[in-house]
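S.K.: Below are the chains, spelled out letter by letter.
2 protein chains.
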Amino acid sequence: MRKIINPSQEQWAELVKRPAKNLEELEAGILETFKQVRERGDAALLELAKKYDGVQLEQLLVTQEEITAAEASLTVELKEAILQAYSNIQVFHTHQAEPMHQIETMPGVTCWRKSVAIEKVGLYIPGGTAPLFSTLLMLGVPARIAGCRELVLCTPPSKDGTVHPAILYTASLLGVTRVVKAGGAQAIAAMAYGTQSVPAVYKIFGPGNQYVTVAKQLVSKAGVAIDLPAGPSEVLVIADESANPAFVAADLLSQAEHGPDSQVVLLTNSEVFLDRVEAELEAQLAVLPREDFASKALGNSLGLVFDSIAEMLDFSNLYAPEHLILSILNFEEALDSIVNAGSVFLGNYSPESAGDYASGTNHTLPTNGYARAYSGVSLDSFVKKITFQHITPEGLQNIGGTIETMAAAEGLEAHKNAVSIRLKEVNRV
Amino acid sequence: MRKIINPSQEQWAELVKRPAKNLEELEAGILETFKQVRERGDAALLELAKKYDGVQLEQLLVTQEEITAAEASLTVELKEAILQAYSNIQVFHTHQAEPMHQIETMPGVTCWRKSVAIEKVGLYIPGGTAPLFSTLLMLGVPARIAGCRELVLCTPPSKDGTVHPAILYTASLLGVTRVVKAGGAQAIAAMAYGTQSVPAVYKIFGPGNQYVTVAKQLVSKAGVAIDLPAGPSEVLVIADESANPAFVAADLLSQAEHGPDSQVVLLTNSEVFLDRVEAELEAQLAVLPREDFASKALGNSLGLVFDSIAEMLDFSNLYAPEHLILSILNFEEALDSIVNAGSVFLGNYSPESAGDYASGTNHTLPTNGYARAYSGVSLDSFVKKITFQHITPEGLQNIGGTIETMAAAEGLEAHKNAVSIRLKEVNRV
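Protein sequences appear in the order of chains R and W. Residues 1 to 429 (the working numbering) are what the first sequence spells out, left to right. Residues 1001 to 1429 (the working numbering) are what the second sequence spells out, left to right.
It cannot be assumed that every hint is accurate.
Here are the simulated SDA-like pairs of lysine to any residue, each with C-alpha atoms no more than 25 angstroms apart in a straight line [to be verified]:
id	chain 1	residue 1	chain 2	residue 2
1	W	K1120	R	F315
2	R	K17	W	L1346
3	R	K17	R	R178
4	R	K21	W	E1039
5	W	K1385	R	E332
6	W	K1114	R	K50
7	R	K114	W	G1231
8	W	K1003	W	N1244
9	W	K1114	W	T1392
10	R	K50	R	K221
11	R	K17	W	A1222
12	W	K1120	R	L318
13	R	K114	R	P99
14	R	K114	W	E1098
15	R	K79	W	G1231
16	W	K1385	R	G194
17	R	K120	R	P99
18	W	K1035	R	N427
19	R	K21	W	A1028
20	R	K385	W	L1346
21	W	K1051	W	S1158
22	R	K120	R	L15
23	R	K35	W	S1158
Since the hints were made in silico from the structure, they are not lab data.
This is chain R alone, in the form it adopts within the complex (with noise of 0.2 angstroms):
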């Protein structure tokens, strides 16, 4: 952990950058792979499976065999802490549906808007070190509520060709339409472009490895909306003396196990305690699994000591992390200044790790800075808010002349007409 103490406000500008990724020479080789799927469909995914993901398979859906097989094997506890935490997700997003209002902004002119299910949807969920069902909750559970008729999900096999039973049976609580063995540019490809067997969707949403990331942005130029821009993932605590140094500990531990380039950042008003904090995570670091990941992001890690609770806010809000932890003791008066973040774990017994599977909240979470602009994901990013206008004779007496006005004034006299001969007629009645 790179210690500092009281660093300048010309530090900030630095001590906020994330490290900057080029992955531009990736896209050539994945325009190719899009071609590939695009010119010959599932026969090309069949054939990207083979060579990436090292399996023949037989065909690219998941049976209703496979999905009865993986709910068998799963463990009765694991299948009840997956259904709670898909029942406080469902209570948080079901809360943000946003009610229909109509508004008359003038007598006789009535306007709304409605929140209308994206129709087709396409989910990826990496296989890799660690089987994400959790991501899967987050992205399916507000798809459900949100009404997406198409839920795709596609997800790369194992060597061995299945998919980890957890995400099967997930994915089959969730009512996904078709669950496709595709992993890396090939699944993105297949679900903005459509094959024989995965749908053309409208949103592509989850995260992924590099080449998944430049093909989401790829698709995204070309038309197919996604979820956030993607980045590792960080968390910055902001901890004073009433903190527990074993608690913060294991919470940075727990960012830095994702990869080696997650970001964890921790602010202090005390070096004391930066110290013991510094124990701990050398004493909770030898017993992980993942303890090379873990190490090699807390090599990267930063801890900073400063004078009040005012400045870390400060700096907090300059960095915009897409996990900030507040454990201060009053946490409370800390809360009006907090400007950008994704998501906020207030005091000593919030864990990010409840945030990240079963509070209810989501955790698909904008990072490297992007909370300064973005919204995690939520049931907004699933519907479109389409409004809708109703505008009386009367109204139109009301409100014609103010567009007639500005429509002159723009030289739009076509604009102006619109009205003009609406109203002759209303007049001549």
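Position chain W relative to chain R; hints supplied.
M.R.: Okay, now just chain W, sitting in the frame of chain R:
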């Protein structure tokens, strides 16, 4: 107008296609402009204003004197129209604010989300044939309601170095922090990266030509958020025999006058009606000042005859129009069938112009079929929704086991430990 009677389902996919534009060849030149602005800041902006706008500016920022003069130069009628539109837009967008609900997803586990303004936003208003002060209202009013701290406006100067007085008057009403005389890709670069006069912003809004479009794509790849992907404006009208052919023609023309690439589509269940609209189009077109634009756009327009309203709605959903006008007798019955559209205008007295200027709804809307996944600009576009959670020791006892089980199943032991270490402490007391 290209006329087709009962197009087959096979034809639909072709008919809903928008003309594709490949702007990639512009990227190199725009990246060079970015480099100039990043390296030389204001000096580059002044130089590029000379090169592209044909004016040697004395300074980039609009002065208070210019604003005062602008206000004095406008007619009372126009100022009142702008104020009326401002008021209606404000009323409608104020209702989009989300109330904060604290939700206890389990006993002791409380979650909520809060809308927080994006601190710094940039608005781009193009120059050219129409001074779009209406767009400035559509972007500035929700920015103000959200509480954005810094509101920067870039707009290209005319050859005499001035900005249209209606734009300056509107900017002043909105309390825009800075009005910068800069246009094109250089304006987007200035707002994304900052110069001596232009603060770097977190999100950039507004329409523009192809250089602006590509520049916005490029900065969005670099992490600056943008409002919407761009495309030519479009209207789709569904009309039955209860509609007025003159009104429908006027609506089609108000779209067509935007530019030669505007998309204009009419669906009707009566060929006779279609012919009457075409006759009206010819008559009204002849007297339009922007006849040239409009007649080019009409050249590419579609007039389709279907058997039923249901089929027309299906086609419209596949097309996903930016603006949808329902000039049909029983429009209420159609409302639930509308799945993909930006903004919808109901009945014979709700012209698109109303929403373009003054009814209260936003006119910055998804074009090019993006309405399948994107919403128009709203108050949401100017805030981040940050989630918060507070868990009590008892709450952690309730939810802890669920988190531990899920984290272990994902192989993330440090995530599990962040809970276990706290539970040990809670259970010890």
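S.K.: All the hints need checking, so say for each whether the structure fits it.
M.R.: Taking the hints in turn, this is what the structure says about them:
1. Distance restraint check for W:K1120 and R:F315: the Cα-Cα separation of roughly 17 angstroms lies within the 25 angstroms cut-off, and the hinted pair is therefore satisfied.
2. In summary, the hint linking R:K17 to W:L1346 is not supported, as the alpha carbons are separated by about 50 angstroms, beyond the 25 angstroms threshold.
3. Among the hinted pairs, R:K17 with R:R178 is inconsistent with the structure: their alpha-carbon atoms are about 40 angstroms apart, more than 25 angstroms.
4. Between the alpha carbons of R:K21 and W:E1039 the distance comes to roughly 21 angstroms, so the proposed pair stays at or under 25 angstroms and holds.
5. Restraint check for W:K1385 and R:E332: the C-alpha separation of about 18 angstroms stays at or below 25 angstroms, so the hint holds.
6. Restraint check: the Cα-Cα separation between W:K1114 and R:K50 comes to about 46 angstroms, which exceeds 25 angstroms; the hinted pair is violated.
7. Our distance criterion of 25 angstroms between C-alpha atoms is met by R:K114 and W:G1231, whose separation comes to about 23 angstroms.
8. At roughly 19 angstroms between alpha-carbon atoms, W:K1003 and W:N1244 fall within 25 angstroms of each other, so this suggested pair holds.
9. With a C-alpha separation of about 20 angstroms, the suggested pairing of W:K1114 with W:T1392 holds against the 25 angstroms cut-off.
10. At roughly 28 angstroms between alpha-carbon atoms, R:K50 and R:K221 are farther apart than 25 angstroms, so this suggested pair is violated.
11. With a C-alpha separation of about 13 angstroms, the suggested pair R:K17 and W:A1222 falls inside the 25 angstroms cut-off, and the hint holds.
12. A threshold of 25 angstroms between alpha carbons decides the hint, and for W:K1120 with R:L318 the separation of about 12 angstroms falls inside it, so the pair holds.
13. For the hint linking R:K114 to R:P99, the alpha-carbon distance of about 8 angstroms falls within 25 angstroms, and the restraint holds.
14. With a C-alpha separation of about 14 angstroms, the suggested pairing of R:K114 with W:E1098 holds against the 25 angstroms cut-off.
15. At roughly 47 angstroms between alpha-carbon atoms, R:K79 and W:G1231 are farther apart than 25 angstroms, so this suggested pair is violated.
16. For the suggested pair W:K1385 and R:G194, the alpha carbons sit about 32 angstroms apart, so the restraint of at most 25 angstroms is broken.
17. A threshold of 25 angstroms between alpha carbons decides the hint, and for R:K120 with R:P99 the separation of about 23 angstroms falls inside it, so the pair holds.
18. Between W:K1035 and R:N427 the CA atoms are separated by roughly 58 angstroms; this puts the pair beyond 25 angstroms, and the hint is violated.
19. For a cut-off of 25 angstroms, the pair hint linking R:K21 to W:A1028 stands: about 20 angstroms separates their Cα positions.
20. The hinted pair formed by R:K385 and W:L1346 meets the criterion: a straight-line CA distance of about 17 angstroms does not exceed 25 angstroms.
21. Distance hint between W:K1051 and W:S1158 is fulfilled; the C-alpha atoms sit about 12 angstroms from each other, no more than 25 angstroms.
22. This hinted pair does not check out: R:K120 and R:L15 have alpha carbons roughly 41 angstroms apart, beyond 25 angstroms.
23. Distance hint between R:K35 and W:S1158 is unfulfilled; the C-alpha atoms sit about 45 angstroms from each other, more than 25 angstroms.
The structure fails to meet hints 2, 3, 6, 10, 15, 16, 18, 22 and 23 from the earlier list, while all remaining hints are met.
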